[in-house]
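Build out the structure end to end from the sequences listed, making use of the hints.
The sequence shown lines up with residues 1 to 89 when you count with the UniProt record's numbering.
A portion of the hints provided could be inaccurate.
Said to hold, decoys possible - Pair ranges (Cβ atoms, derived):
id, residue 1, residue 2, range
1, Asn45, Leu75, 42 to 50 Å
2, Pro46, Gly81, 25 to 33 Å
3, Glu16, Pro40, 29 to 37 Å
No lab work stands behind these hints, which were simulated from the structure alone.
Remember, predicted model here, so these are calculated numbers, not experimental data.
Cβ atoms here follow ideal geometry from the backbone N, Cα and C, with glycine treated the same way.
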Amino acid sequence: TKSGAAKELEQLRKLEEERNVQGADISPPPTSSPVFVPPPPPAFNPPPPPPAAPVKPPLVLPAGGNPEAAREALLEAIRSGSGAQRLRK
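What follows is the structure, encoded as structure tokens:
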């Protein structure tokens with residue numbers, strides 16, 4: 001069994017063959033075949049890569065330290081993190 005798309009493709013191929021036969025009867029074949037010429041490269045340069053973000057050393061707290069200080073440090077890190085600007089909007 002053939003699908004509808006396969007039948008349509010076959011019909012298009014037959015039509016194209018008929019056009020080629022009619023075109024050959026009407027006009028003589030071209031003396032030189034067209035050669036593909038690649039387009040010129042774009043005139044503008046791509047943008048430079050973004051500068052690398054400064055890397056902050058990870059905050060390491062000693063085990064058994066002051067839990068209140070650790071909590072404050074954690075909250076401060078959250079407030080000043082990369083997503084802080086989006087949260088403030």
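Here's how the hints hold up against the structure:
The hinted window of 42 to 50 Å between asparagine 45 and leucine 75 holds, with their beta carbons roughly 45 Å apart. A beta carbon spacing of about 31 Å between proline 46 and glycine 81 agrees with the range 25 to 33 Å that was offered as a hint. With their beta carbons about 32 Å apart, glutamate 16 and proline 40 fall inside the hinted range of 29 to 37 Å.
Comparing the model with each numbered hint stated earlier shows that all of them hold.
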